[in-house]
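*Asks:* Each protein sequence line maps, in turn, to chains A and B. With my numbering as the guide, the letters of the first sequence map in order to residues 105 to 280. With my numbering as the guide, the letters of the second sequence map in order to residues 9 to 556.
Any given hint could turn out to be false.
Stated by the list, open to error - Partial pick of chain A residues on the chain B-facing surface, computed with a CB cut under 10 Å:
(1) Phe113
(2) Lys114
(3) Leu118
(4) Cys165
(5) Glu171
(6) Asn176
(7) Tyr180
(8) Arg184
(9) His208
(10) Gly237
(11) Cys246
(12) Cys262
(13) Pro266
To be verified - One side of the interface only, derived from the structure: several residues of chain A facing chain B at Cβ under 10 Å:
(14) Phe151
(15) Ser154
(16) Asp161
(17) Ser164
(18) Glu169
(19) Leu170
(20) Phe189
(21) Pro193
(22) Gly203
(23) Ala211
(24) Thr216
(25) Cys235
(26) Glu238
(27) Leu257
(28) Pro260
No lab work stands behind these hints: they were computed from the structure. The C-beta atom is built at its ideal place from N, Cα and C for all residues, glycine as well.
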Amino acid sequence: MLRLYGKIFKTGVLTEIVHRPSRATLAHDASVEQAGEALKEIVDCRFRGSLAIRQVDAGSCNGCELEIHALNNVYYDVERYGVHFVASPRHADILMVTGPVSRHMQAALQRTYEATPNPKWVIAVGDCGVCGGEFGLSYASCGAVSNVIPVDLAIPGCPPTPLALLQGLLSLCGRF
Amino acid sequence: MSETSVEKPAGACPEIRDLMIGRVDRLEGLYAGFDRAGIEISPQAPSPLPPAEVIEIKSSDWGRAAAAGREQNWRWAGVWAEDRGYDLMVNACLENHGIYAILRTHLACDHTQLPSHAPHYWAADRPERHIQDLLGICFDGHPDPRRWTRHQAWDEGAYPLRKDFPAAGSPTDTSPPDRDYPFLKAQGASVYEIPVGPVHAGIIEPGHFRFQAIGETVLNLEERLGYVHKGIEKIAEGRDPTGLALLAGRVSGDSTVGHAWAACMAMERAAGLEIPARAAHIRALLAERERVINHLWDLGALCNDVGFAFGYYQFGRLREQWLRENQSHFGHRLLMDRIVPGGVSVDVTASAVQGMRKSIAALRSELDELLTILDANSSLEDRFLGTGILPTELASALGALGFVGRASGQTFDVRKDAPYAPYDRLRVRVPTETQGDVSSRFWVRYKELRIALRLLGELLDGLPDGEVVASWLLPHEGAEGFAAVEGWRGEILCFVRFGAHNVIRRYWTRDPSVVNWPALEKLVLGNIVPDFPVCNKSVNGSYSGHDL
Numbered sequence: 105m106l107r108l109y110g111k112i113f114k115t116g117v118l119t120e121i122v123h124r125p126s127r128a129t130l131a132h133d134a135s136v137e138q139a140g141e142a143l144k145e146i147v148d149c150r151f152r153g154s155l156a157i158r159q160v161d162a163g164s165c166n167g168c169e170l171e172i173h174a175l176n177n178v179y180y181d182v183e184r185y186g187v188h189f190v191a192s193p194r195h196a197d198i199l200m201v202t203g204p205v206s207r208h209m210q211a212a213l214q215r216t217y218e219a220t221p222n223p224k225w226v227i228a229v230g231d232c233g234v235c236g237g238e239f240g241l242s243y244a245s246c247g248a249v250s251n252v253i254p255v256d257l258a259i260p261g262c263p264p265t266p267l268a269l270l271q272g273l274l275s276l277c278g279r280f
Numbered sequence: 009m010s011e012t013s014v015e016k017p018a019g020a021c022p023e024i025r026d027l028m029i030g031r032v033d034r035l036e037g038l039y040a041g042f043d044r045a046g047i048e049i050s051p052q053a054p055s056p057l058p059p060a061e062v063i064e065i066k067s068s069d070w071g072r073a074a075a076a077g078r079e080q081n082w083r084w085a086g087v088w089a090e091d092r093g094y095d096l097m098v099n100a101c102l103e104n105h106g107i108y109a110i111l112r113t114h115l116a117c118d119h120t121q122l123p124s125h126a127p128h129y130w131a132a133d134r135p136e137r138h139i140q141d142l143l144g145i146c147f148d149g150h151p152d153p154r155r156w157t158r159h160q161a162w163d164e165g166a167y168p169l170r171k172d173f174p175a176a177g178s179p180t181d182t183s184p185p186d187r188d189y190p191f192l193k194a195q196g197a198s199v200y201e202i203p204v205g206p207v208h209a210g211i212i213e214p215g216h217f218r219f220q221a222i223g224e225t226v227l228n229l230e231e232r233l234g235y236v237h238k239g240i241e242k243i244a245e246g247r248d249p250t251g252l253a254l255l256a257g258r259v260s261g262d263s264t265v266g267h268a269w270a271a272c273m274a275m276e277r278a279a280g281l282e283i284p285a286r287a288a289h290i291r292a293l294l295a296e297r298e299r300v301i302n303h304l305w306d307l308g309a310l311c312n313d314v315g316f317a318f319g320y321y322q323f324g325r326l327r328e329q330w331l332r333e334n335q336s337h338f339g340h341r342l343l344m345d346r347i348v349p350g351g352v353s354v355d356v357t358a359s360a361v362q363g364m365r366k367s368i369a370a371l372r373s374e375l376d377e378l379l380t381i382l383d384a385n386s387s388l389e390d391r392f393l394g395t396g397i398l399p400t401e402l403a404s405a406l407g408a409l410g411f412v413g414r415a416s417g418q419t420f421d422v423r424k425d426a427p428y429a430p431y432d433r434l435r436v437r438v439p440t441e442t443q444g445d446v447s448s449r450f451w452v453r454y455k456e457l458r459i460a461l462r463l464l465g466e467l468l469d470g471l472p473d474g475e476v477v478a479s480w481l482l483p484h485e486g487a488e489g490f491a492a493v494e495g496w497r498g499e500i501l502c503f504v505r506f507g508a509h510n511v512i513r514r515y516w517t518r519d520p521s522v523v524n525w526p527a528l529e530k531l532v533l534g535n536i537v538p539d540f541p542v543c544n545k546s547v548n549g550s551y552s553g554h555d556l
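Could you put the whole structure together from the sequences, leaning on the hints where they help?
*Replies:* In structure tokens:
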């Protein structure tokens with residue numbers, strides 16, 4: 105046990121301060137400019153200190169999931185902003201949807217959307233979620249998430265890096 | 009029937025000669041088995057899919073050929089079919105000690121009955137149902153005639169992989185959910201059912217699990233997959249080699265190097281293209297880095313699933329460091345699109361070599377330190393030891409691959425048994441355990457991680473100079489290629505056929521998950537429901553790679 109505590113002590117705090125995105129990289133730059141520092145404030149005030157995200161894989165290759173998972177590692181530690189991932193759409197403020205929506209997941213995604221209480225927001229994550237990506241439209245794929253449920257924000261990338269995900273989140277919250 | 013397509017070499021060095029003679033003996037054993045069963049065969053010489061052998065057999069002998077293969081202890085590795093317009097060609101891949109034998113038969117388009125391999129090989133169950141759903145070939149004698157990949161996105165009588173089926177399909181507004189799949193029912197006092205998914209409670213791919221349980225004990229588990237079916241095999245048709253490499257890199261996001269390498273190798277073999285030695289080395293560097301990153305992630309996730317957050321955060325920290333290093337040395341955190349037809353799209357600089365050497369040494373010492381802590385932690389042992397046992401015989405019967413197979417005594421590794429450049433010049437050690445529980449799968453991963461670090465060191469030491477990509481050779485119409493690559497989950501198979509003008513006519517790939525998913529159904533039996541997450545994670549099958 106001593107070794108374990110020793111290791112924790114030695115590892116120290118690695119969590120990074122996220123740089124505010126520059127005007128050039130994001131569409132909603134004016135709000136994003138404020139969002140970085142204001143996020144916690146917004147989450148505290150608008151979401152009672154807790155912003156809940158339900159992640160739904162609607163047909164992705166799992167690449168986006170890996171990067172979304174990375175948001176929880178010690179470097180990004182997204183929970184410090186009051187942002188956390190929940191197990192049920194009933195508990196969620198935001199649906200984070202990845203993948204070209206496979207036709208086999210179409211009904212499941214719609215029902216997950218319906219199960220999420222209002223007000224709710226949808227983020228389409230990754231090139232596939234944004235526009236269908238490498239898979240596009242086919243007999244088995246509906247393509248972009250917006251073809252199936254309304255989308256409030258798109259975060260492109262294949263897959264988007266954790267930093268891009270975080271910036272997207274900031275820009276969505278910064279709108280309110 | 010004594011013809012073989014391999015000549016016994018006279019002048020080769022003793023080791024290679026032994027290997028080649030072993031190859032001839034094994035194939036002769038298989039041929040003799042066919043002979044005893046009265047199966048007429050015609051081996052193709054020279055093989056159109058080297059280094060695999062292709063053996064033509066009559067469709068009526070198809071089932072008995074599998075029985076003969078089973079008798080000779082050949083492992084069943086996969087099946088694929090092709091609509092060639094005028095007929096349907098079916099191929100089944102068998103493997104024994106690194107020798108791939110591909111059985112091949114032809115069916116008329118309007119006569120689609122074929123004896124099933126599933127009564128002889130469990131692994132053939134779902135792949136044959138996949139073919140039935142996508143190509144309309146009926147497998148006689150299949151023990152489970154239920155649909156598999158087909159949910160409700162296309163009609164029962166429509167077959168997406170037939171040439172007359174448009175890739176766009178004819179979709180309705182919303183594909184109805186697959187409500188009426190006939191799951192196995194358990195009845196009796198205090199038996200109850202737990203349906204899980206397709207939308208799971210975590211950040212994970214979709215699929216459905218149906219448990220029957222008494223109290224906390226799992227009586228039966230039935231997997232229902234296919235939710236992530238994206239039509240990969242169909243949309244690959246008509247792409248050029250570059251386009252196929254992009255698609256293959258997205259068959260399964262965590263195996264992007266493995267699948268892209270397999271697809272490129274198959275295409276290069278079809279085109280008769282040899283890649284530069286430096287490119288092969290860099291591909292192996294990328295593949296081993298992918299192995300390291302995924303094993304780190306799995307070790308952390310396994311700790312997390314039994315509530316040992318320390319392990320989750322420590323391994324997650326190490327993984328993130330390597331992901332960032334990928335970004336700085338190779339330009340992509342998950343290494344997507346770094347492997348291209350003819351070589352790789354990125355070179356390694358001298359400073360990157362130095363950087364990687366340092367991070368290998370650093371990870372080694374970190375792992376040493378963590379090993380001591382993990383080993384001394386009895387709470388981890390409590391949950392891992394004796395949980396989710398896959399017995400050795402069962403693993404062998406299923407043909408379990410990668411760390412799932414190795415934790416149950418299966419030694420097969422493409423890098424060692426059917427080596428390709430640059431592994432043909434390296435000694436790949438394959439760690440095995442025999443207990444077959446979650447703990448074994450944990451420690452096999454740990455050992456594979458250590459071995460990958462050593463391989464990375466050797467690859468960096470022996471990095472040859474030269475080009476990193478060869479210019480593409482136009483394959484002739486109908487050219488075909490087959491490749492087997494050891495991905496981080498295990499053996500990845502790939503078949504490619506070109507049409508005219510450098511265009512893909514058929515792309516088939518088999519992720520190791522296809523073989524390992526059924527193992528999960530078996531190893532979870534008799535365990536308690538709360539142990540399912542850790543059992544599932546210890547197998548870590550890919551949904552996307554399975555559903556295609």
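*Asks:* Does the CB of cysteine 246 (chain A) sit less than 10 Å away from some CB of chain B?
*Replies:* Holds, because the Cβ-Cβ distance from cysteine 246 (chain A) to chain B comes to roughly 8 Å (cut-off 10 Å).
*Asks:* Does the interface hint hold: is phenylalanine 189 (chain A) within less than 10 Å of chain B, judged Cβ to Cβ?
*Replies:* Result: holds, 6 Å to nearest chain B Cβ.
*Asks:* Does the CB of serine 164 (chain A) sit less than 10 Å away from some CB of chain B?
*Replies:* holds (7 Å)
*Asks:* Against chain B, with CB atoms and a cut of 10 Å, does the hint on cysteine 235 (chain A) hold up?
*Replies:* violated (14 Å)
*Asks:* Should the hint that glycine 203 (chain A) touches chain B count as held when the rule is a Cβ pair under 10 Å?
*Replies:* holds (7 Å)
*Asks:* With 10 Å as the cut and Cβ atoms as the points, is proline 266 (chain A) at the interface with chain B?
*Replies:* holds (9 Å)
*Asks:* Is the hint on leucine 118 (chain A) kept, meaning its closest Cβ partner in chain B is under 10 Å away?
*Replies:* Nearest chain B Cβ about 6 Å off; hint holds.
*Asks:* Are asparagine 176 (chain A) and chain B close enough, Cβ to Cβ, to be under 10 Å, as the hint says?
*Replies:* holds (8 Å)
*Asks:* Do the numbers back the hint for phenylalanine 151 (chain A), that is, is its least Cβ distance to chain B under 10 Å?
*Replies:* violated (20 Å)
*Asks:* The hint names glycine 237 (chain A) as touching chain B; please verify it with the least Cβ-Cβ distance against 10 Å.
*Replies:* holds (8 Å)
*Asks:* Would the stated hint for arginine 184 (chain A) survive a check requiring a Cβ distance to chain B of less than 10 Å?
*Replies:* For arginine 184 (chain A), the interface hint is violated, since the closest Cβ of chain B sits about 14 Å away, which is over 10 Å.
*Asks:* Less than 10 Å between beta-carbons is the criterion; does glutamate 169 (chain A) satisfy it with respect to chain B?
*Replies:* holds (5 Å)
In summary, the structure is inconsistent with hints 1, 8, 14, 15, 25, 27 and 28 from the numbered list given earlier, while agreeing with the others.
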